[in-house]
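**Q** Position 58 of the sequence shown, counted from 1, bears residue number 57 in numbering that gives the first Met the number 0, the numbering being contiguous throughout.
Simulated from the structure, these hints should not be mistaken for laboratory data.
Values in this document were obtained by computation on a predicted structure and should not be read as measured data.
Check before you lean on any hint, since a few could be wrong.
[Stated by the list, open to error] As a list, the in silico PhoX-like pairs of lysine-lysine whose alpha-carbon atoms are at most 20 Å apart:
(1) Lys-21 with Lys-43
(2) Lys-11 with Lys-21
(3) Lys-21 with Lys-31
(4) Lys-20 with Lys-43
(5) Lys-31 with Lys-43
(6) Lys-28 with Lys-15
(7) Lys-28 with Lys-43
(8) Lys-31 with Lys-20
(9) Lys-47 with Lys-28
(10) Lys-43 with Lys-15
(11) Lys-15 with Lys-31
(12) Lys-11 with Lys-28
(13) Lys-47 with Lys-31
[Claimed, not checked] Using C-beta positions, here's what the derived DEER-type ranges look like:
(14) Lys-21 with Ile-72: 26 to 36 Å
(15) Lys-11 with Lys-47: 15 to 25 Å
(16) Ile-49 with Leu-79: 14 to 24 Å
(17) Phe-78 with Leu-7: 26 to 36 Å
(18) Thr-13 with Ile-72: 32 to 42 Å
(19) Ile-49 with Gln-6: 26 to 36 Å
(20) Phe-78 with Gln-6: 13 to 23 Å
(21) Lys-47 with Arg-10: 31 to 41 Å
Positions of the beta carbon are idealized from the N, C-alpha and C atoms, including for glycine.
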Amino acid sequence: MFGKRNQLDVRKSTSKIQDPKKDLTTRIKHLKNILDNVDVSEAKGFLKQILVMFITYYMTVLYKQKVIYDNEIILEQVFLIILIL
């Protein structure tokens with residue numbers, strides 16, 4: 000009975016975290032909702048995916064700005080670290 004509701008809440012919260020139009024407080028609220036309703040192993044995998052998305056986005060923005068001369072080297076190193084995770 001409660002399992003289906005939790006699955007729906009987690010699904011909705013997951014989509015709201017990925018929505019770029021949502022503000023930070025809404026995303027954190029839904030992240031807390033997800034972490035409260037999933038197992039530790041699922042939460043660990045979910046947080047790894049969020050970390051990979053964040054690092055990838057951050058590094059591509061840095062690379063496109065061309066502020067740092069060695070962006071390409073840094074980007075390759077970060078992707079290597081992500082592969083190790």
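**Q** Measure nothing beyond the straight line between the CA atoms of Lys-15 and Lys-31; if it is 20 Å or shorter, mark the hint as holding.
**A** 12 Å, holds
**Q** Within 20 Å, alpha carbon to alpha carbon, are Lys-31 and Lys-20?
**A** 18 Å, holds
**Q** Between Lys-21 and Lys-43, is the straight-line Cα distance small enough, at 20 Å or below?
**A** Outside the cut-off at roughly 23 Å; violated.
**Q** Is the straight-line distance between the alpha-carbon of Lys-21 and that of Lys-31 20 Å or less?
**A** At roughly 15 Å apart (the allowed maximum being 20 Å), Lys-31 and Lys-21 satisfy the hint.
**Q** For the pair we were handed, Lys-47 and Lys-31, check the Cα-Cα distance against 20 Å.
**A** 15 Å, holds
**Q** Given a hinted range of 26 to 36 Å, is it respected by the beta-carbon distance of Phe-78 and Leu-7?
**A** Once the Cβ atoms are compared, 35 Å apart, the range 26 to 36 Å for Leu-7 and Phe-78 holds.
**Q** Just to be careful, I want the Cα atoms of Lys-28 and Lys-43 compared with a cutoff of 20 Å; is the pair within it?
**A** 18 Å, holds
**Q** Is the gap between the beta carbons of Ile-49 and Leu-79 within 14 to 24 Å?
**A** 19 Å, holds
**Q** Does the alpha-carbon distance linking Lys-11 and Lys-28 stay inside the 20 Å limit?
**A** 12 Å, holds
**Q** Does the beta carbon distance between Thr-13 and Ile-72 stay inside 32 to 42 Å, or does it fall outside?
**A** 34 Å, holds
**Q** Please work out if Lys-47 and Lys-28 have their alpha carbons no farther apart than 20 Å.
**A** The given pair, whose Cα atoms are some 18 Å apart, holds under the 20 Å limit.
**Q** If you draw a straight line from the CA of Lys-20 to the CA of Lys-43, is it 20 Å or shorter?
**A** 25 Å, violated
This entry does not satisfy hints 1, 4, 19, 20, 21, going by the numbered hints stated previously.
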